[in-house]
Amino acid sequence: LFGDASYDYVGHLKNNTNLVPCYKSPSSLDPLGTYTSDDFFGMLNDNDNINSSAAANLLDIGIGRIPAKNVTDAKNVVDKIIAYTQKESLGPWRNDLTFVADDEDANLHLNDAETMSATVSSVYPLGNEQKIYLDAYKQQSGSGGSSYPDVNAAINNKIFSGTLIWNYSGHGGPTRLAEEAILDPDMVKTWINPNKLPLFITATCDFAPYDNPFINSIGEDILLREKNGAIGLMTTTRVVFAFSNRIMNNNYFNLALQKKPNGKYRSLGEAVQAGKNYTYSTFSDVINNRKFTLLGDPSLTLGFPNLNVNTVSINDNVNGADTLKALNKYVVKGRVTDASGVLMADFNGTVYATIFDKSQVINIIIGGAGNNSVEDKDGPIIKAYLNDEKFVNGSITNANPILIVKLSDSSGINTVGTGIGHDIIATIDNNTNTFYNLNDFYEAEVDSYQKGTIRFQLPQLEEGVHTLTIKAWDVANNSTTYLLTFRVVKSGDLEITHVLNYPNPFTTHTQFWFEHNRPGENLQVNIRIMTITGKVVKSIHQTINTTGNRSTEIEWDGKDDFGDKTGRGVYFYSIEVTTPDGKKARKLEKLVLL
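Using the working numbering, count along the sequence shown one by one with no gaps and you end on 701.
These are calculated hints, taken from the structure and not from any lab test. Each hint can be trusted.
No more than 30 Å apart at the CA atoms, straight line, and that leaves these computed lysine-lysine pairs for DSSO-like: (1) 497 to 666; (2) 194 to 558; (3) 558 to 578; (4) 513 to 432; (5) 666 to 645; (6) 194 to 367; (7) 366 to 194; (8) 597 to 690; (9) 597 to 334.
Across the chosen pairs, the derived CB separations fall in these ranges: (10) 659 to 594: 12 to 22 Å; (11) 348 to 517: 57 to 67 Å; (12) 131 to 348: 19 to 29 Å; (13) 136 to 257: 37 to 47 Å; (14) 443 to 659: 36 to 46 Å; (15) 419 to 233: 16 to 26 Å; (16) 659 to 517: 25 to 35 Å; (17) 151 to 123: 23 to 33 Å.
Backbone N, C-alpha and C fix where the C-beta goes; we use that ideal spot for every residue, glycine too.
Let the hints inform the model, and build the full structure from the sequences given.
What follows is the structure, encoded as structure tokens:
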């Protein structure tokens, strides 16, 4: 179903959103008994009755809805669906499943999340489970109520690094999750996760009441956002109950993560059909089940791995144990096979390795260090940038830039996190009470244990000059500290700085460089090159979209608007930059043509 819906069928409301009507329950005033459900469109038999609780009324097809209110919303979702199937979206994030659980209610929601986790471990052992349980974090109290800042940060970090599925159990509504607002609209606005779009599963109250034109819910927003947010949601449209939610949530996981008899995973639509039908057939709370809906493309299949990676030997020992000792070097050999175990001899790609400790430890045997460890007294080499590697220390940025850290060391980088004080840490403005652990964001370069990259989304920063201190350790326990200085310019304004052309003087070509505070936006750049008397000899018009804050892609070959070579001498040039919302900034500089 492609289009938003509304409870106002006849169009009494101004700015109504009834593009593709939805089914409404006969009971419309009872907050517990009312529902809107697209299940109606999936019941194709003549005798089906959506208002009946009989188990025979099952879905013949799975239904999904893209609640687009306009062409822009529609294009955003379609573009994300296309991007989801491209190679740029591949990566180890597709192995992760994240479980978030509310506090309160005598651990009810934590236990529900543990039930989901146990189901996933049973039916989908390939998944790497990440857990964000509120009771495991420190709660803070203030004039605005209680909050979990570390939970907010953990959620933002996980969205940025990527997760195949993001599951929440607990209290919620259309404008936030949990009483402590662990997820709210302002958080969603800061997300930058293109090519790492999760499926959201929310066992909570009315997270996405798409039929209410007066509510812009978080659920709808994360689906309709351009490039970022989510690829789809299995979510709710009305008030629901925790016990019934657990049944539906668990049944959905159980069927969505298991392959069909033909060896293929179910699409989102097939998964919602199977999950709902099983729940309808085995559980009596039909109304609660109706309130769950799929927002997204029902024909899309989640990015499950299609191939298997099997370890063949460690240091050429086929039958040896898989235990590794600190400071030793290991060569792990493996092979890539299809689901049937057939070798994929023509496979060409990148394998991401993850080292796990034992799942349960009763007696700990300290293995000690290897005998062949190399003496190393130098810390890692650190290079850091903001938004992209064109960044220069002291430059301007937007309010929430992406930190990029390049690390290298002959002994390897310490990202284990088990040594006290030996994590990779970023500290803003020397505030040691607020620091960011970057261990989980380190990604080694292909075929190298000695160097890698960190990409980390910084929080919203105040306008002005800031410092960022990065400290990293190698595996030989040597550390290095790196200091980065930058100036935040608020996003409401446009500012361009450090305008220059390079080379200058030049003979055959030069590039125009400048810095700005609008990365990721389509900026219209107009450059006018003039003689010292003010005559315009060349006009350049170009649209740019930079991932960082520096533009270097506009060039000039020294010819005028007619294609003739301009004379040698000194010229003035003006650069005017315009944002999509009409903000302008202009600078004047000079160049020399030889």
